[in-house]
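Trainee: For reference, the chains in residue letters:
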Amino acid sequence: MDTLQVILSGVLLGGVYALFAAGLNMIFGVMRVINLAHGELMMLGAYITFFASDQAGLNPLVSLPLSAAALLILGLLLQFALVERVVNQPLLSSLLLTFGLSTLMMGVALNLWTANYRSTAWAPLTGNWDVFGLAVSRSRFVAFVIALLVTGGTYLFLRRSTFGKAIRATSQNAEVAQICGIDVRRVRLVTFAMGSAMAAIAGSLIAMIFTISPEMGRMFIGKAFAIIVLGGLGSFVGALFGALSLGVGETLAAYWTNTQLAEGVAYVILLIVLLVRPSGFFGRAE
Amino acid sequence: MSSQVSQIRNEVDSEQASPTRPMPKWEPYLGWIYLVILVIAVAAMIWFPSNASAYSVTLALIVLMTISLATSWNFLSGFGGYTSFGHAGFFGIGSYVGALLLYYERTGWITAVILSGVATGVLALIIGYPTLRLRGPYFAVAMLGFTELFRVIVTSWDSLTLGGRGVFLPIVRFQQVEDGATWWDRFQVQVHNNQNYYAMLVLAVVAMILAYVIGTSRLGLELLAIRDDEVAAQSMGIRVVRVKITAFALSAVFPGIAGAINARQVGFIEPLTIFAVIWSIRAISTAILGGQGTILGPILGAIVLTLVSERVWESDPNLYQVIFGGLIVIVVLFMPGGFISLLQNWGVLPRSRRL
Numbered sequence: 001m002d003t004l005q006v007i008l009s010g011v012l013l014g015g016v017y018a019l020f021a022a023g024l025n026m027i028f029g030v031m032r033v034i035n036l037a038h039g040e041l042m043m044l045g046a047y048i049t050f051f052a053s054d055q056a057g058l059n060p061l062v063s064l065p066l067s068a069a070a071l072l073i074l075g076l077l078l079q080f081a082l083v084e085r086v087v088n089q090p091l092l093s094s095l096l097l098t099f100g101l102s103t104l105m106m107g108v109a110l111n112l113w114t115a116n117y118r119s120t121a122w123a124p125l126t127g128n129w130d131v132f133g134l135a136v137s138r139s140r141f142v143a144f145v146i147a148l149l150v151t152g153g154t155y156l157f158l159r160r161s162t163f164g165k166a167i168r169a170t171s172q173n174a175e176v177a178q179i180c181g182i183d184v185r186r187v188r189l190v191t192f193a194m195g196s197a198m199a200a201i202a203g204s205l206i207a208m209i210f211t212i213s214p215e216m217g218r219m220f221i222g223k224a225f226a227i228i229v230l231g232g233l234g235s236f237v238g239a240l241f242g243a244l245s246l247g248v249g250e251t252l253a254a255y256w257t258n259t260q261l262a263e264g265v266a267y268v269i270l271l272i273v274l275l276v277r278p279s280g281f282f283g284r285a286e
Numbered sequence: 001m002s003s004q005v006s007q008i009r010n011e012v013d014s015e016q017a018s019p020t021r022p023m024p025k026w027e028p029y030l031g032w033i034y035l036v037i038l039v040i041a042v043a044a045m046i047w048f049p050s051n052a053s054a055y056s057v058t059l060a061l062i063v064l065m066t067i068s069l070a071t072s073w074n075f076l077s078g079f080g081g082y083t084s085f086g087h088a089g090f091f092g093i094g095s096y097v098g099a100l101l102l103y104y105e106r107t108g109w110i111t112a113v114i115l116s117g118v119a120t121g122v123l124a125l126i127i128g129y130p131t132l133r134l135r136g137p138y139f140a141v142a143m144l145g146f147t148e149l150f151r152v153i154v155t156s157w158d159s160l161t162l163g164g165r166g167v168f169l170p171i172v173r174f175q176q177v178e179d180g181a182t183w184w185d186r187f188q189v190q191v192h193n194n195q196n197y198y199a200m201l202v203l204a205v206v207a208m209i210l211a212y213v214i215g216t217s218r219l220g221l222e223l224l225a226i227r228d229d230e231v232a233a234q235s236m237g238i239r240v241v242r243v244k245i246t247a248f249a250l251s252a253v254f255p256g257i258a259g260a261i262n263a264r265q266v267g268f269i270e271p272l273t274i275f276a277v278i279w280s281i282r283a284i285s286t287a288i289l290g291g292q293g294t295i296l297g298p299i300l301g302a303i304v305l306t307l308v309s310e311r312v313w314e315s316d317p318n319l320y321q322v323i324f325g326g327l328i329v330i331v332v333l334f335m336p337g338g339f340i341s342l343l344q345n346w347g348v349l350p351r352s353r354r355l
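In order, the protein sequence lines correspond to chains S and P. Mapping of the first sequence onto this note's numbering: position 117 corresponds to residue 117, and the numbering continues sequentially without gaps. Mapping of the second sequence onto this note's numbering: position 339 corresponds to residue 339, and the numbering continues sequentially without gaps.
Hints listed in this document are in silico derivations from the structure and should not be mistaken for laboratory results. The reader is advised that the hints may include incorrect statements.
[Said to hold, decoys possible] Covered stretches of chain P, going by a simulated chain S footprint (3 or more residues, C-beta under 8 Å):
hint, region
1, 128 to 134
2, 138 to 147
3, 151 to 164
4, 181 to 192
5, 323 to 329
6, 332 to 343
[To be verified] Here are the computed distance ranges between Cβ atoms for each label pair:
hint, chain 1, residue 1, chain 2, residue 2, range
7, S, Ile73, P, Asn345, 31 to 39 Å
8, P, Thr216, S, Glu84, 19 to 27 Å
9, S, Met219, P, Leu160, 39 to 47 Å
C-beta atoms are modelled at their ideal positions from N, C-alpha and C, and glycine is treated no differently.
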């Protein structure tokens, strides 16, 4: 029963990971840019939720759309002014650019908000529900549901809408997509903004579950990489699979050993997958 | 249409500019020129502590450390185009290997420092084998992961590394100059009292010489070929995996040794600050500011940036992150070749591999 309990909370955590990793993966798929600043976008989303709750007394579910909207706009600006310039350039440029952005944003956050850990607690979401003898953390469950809704919604958008089709086409082959009349610049703009908003929502949900700090982004970006490498770079379903596996793997490791070592699970997975099957379990070989 | 034509013409012109402009006469002698400058600079640096405050010596030590970090980062990432975010990890591992050897009193300090470099070099061989076989983004991603993994391992392996409490290193006991001592006695005391500085000087000199050797050798040429087009390089018969792993292992030795010397210098290390990504940022930002893939660039960048930034670093380490992050963004967007390529484009410097 204990193990089942642990697996359950791992799955709940995995939902939020999936949301975060899916955005990163989408951006990579469309423009072949690994957004190293993705973790910091998430961190900004988390802080918006924290301050909305701390200063204005807004509950996290209300501030969620706010943080999504704010990061959507920031994402548009970043893509328009900076990231667009390094698309189609050697990988080195985009890696260094987003690394610089990540460092910059983290530095600004450390200056403004200090390195202190902070947490948001909203009374109705503290405590557990009891389901068939399993304790289901309320905040984690709500976060899981929201994360799945957003991830699922994005998936449907990509599958069903015309613009989603354009995104998928660009992801498969940007040049051919352009020849077919798709405005790939706009696709990239929308994709980056959507990815940023997804990161922000993930951040807001994390703020409901864990304590947050300006340095949280670095931790989550490592996990997100493990997830998308596990699932396959550019694969949406793969990211979901990878996220749930990592969530369960981490909580099990924390249960069997300690939380300190559990942090390493993501990197161990990353290395093993790179060794055994570098294209991931759902990805195409490059 | 005409603007397009003129644009194409401009591109063609700029491409042809380098071969048509003849190399200056002094270009073949650059190696000797460097040697003379290096000898003079080293002589000055050896003399320097006798006439400088402790603060200036520390600052010079940081400049030398940054030269080692940036120059060695450049081996694989600059010449070969494989961006590594792993320097912080090697720096941390080197710090811990050196510090623990001294803490448990297993070896003398010089042996400990050298062993740290051996450890990180071997570690790079082990890591490089799985990750450098892969092309594209995997290597960069994996190196970010490794740095975190190292930190987690060092923090959790409490019985060996003392975990999050950190390690205190034995301090260097200062010697006094006796009355009536000869200049040689004085010099020995000076070396003893500034041994970390002198160790870092040796490290930086070795790094710079190695940079010149790589930059002008076949290995350097092979790395440049890999950077420009790995598939083409491979089909021309370059053993790309071996070349990349060689460059990676060489580049990992230096942060390891620098970490161990730095640990002795500061006297206390703990996982969070020693595995901090700031060490990678330092190496990367200085190397790309000076010019990645060049011999002089990282040295130039390290000297300029350290001297400018050290005051900022003291006043507020967080501001340092803001400035360096912003700097990386600006360099990538507006001067991707750094100082060296800027000077080359202005025609001040020739497009020589010896630069």
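Trainee: For each hint, tell me whether it holds in the structure or not.
Mentor: Going down the list of hints, with the structure as the test:
no. : hint                                : in the structure
1   : 128 to 134                          : holds (count 3)
2   : 138 to 147                          : holds (count 7)
3   : 151 to 164                          : holds (count 4)
4   : 181 to 192                          : violated (count 0)
5   : 323 to 329                          : holds (count 7)
6   : 332 to 343                          : holds (count 3)
7   : Ile73(S) <-> Asn345(P): 31 to 39 Å  : holds (36 Å)
8   : Thr216(P) <-> Glu84(S): 19 to 27 Å  : violated (37 Å)
9   : Met219(S) <-> Leu160(P): 39 to 47 Å : violated (24 Å)
Violated hints, listed in ascending order, are 4, 8 and 9; each of the other numbered hints is respected by the structure.
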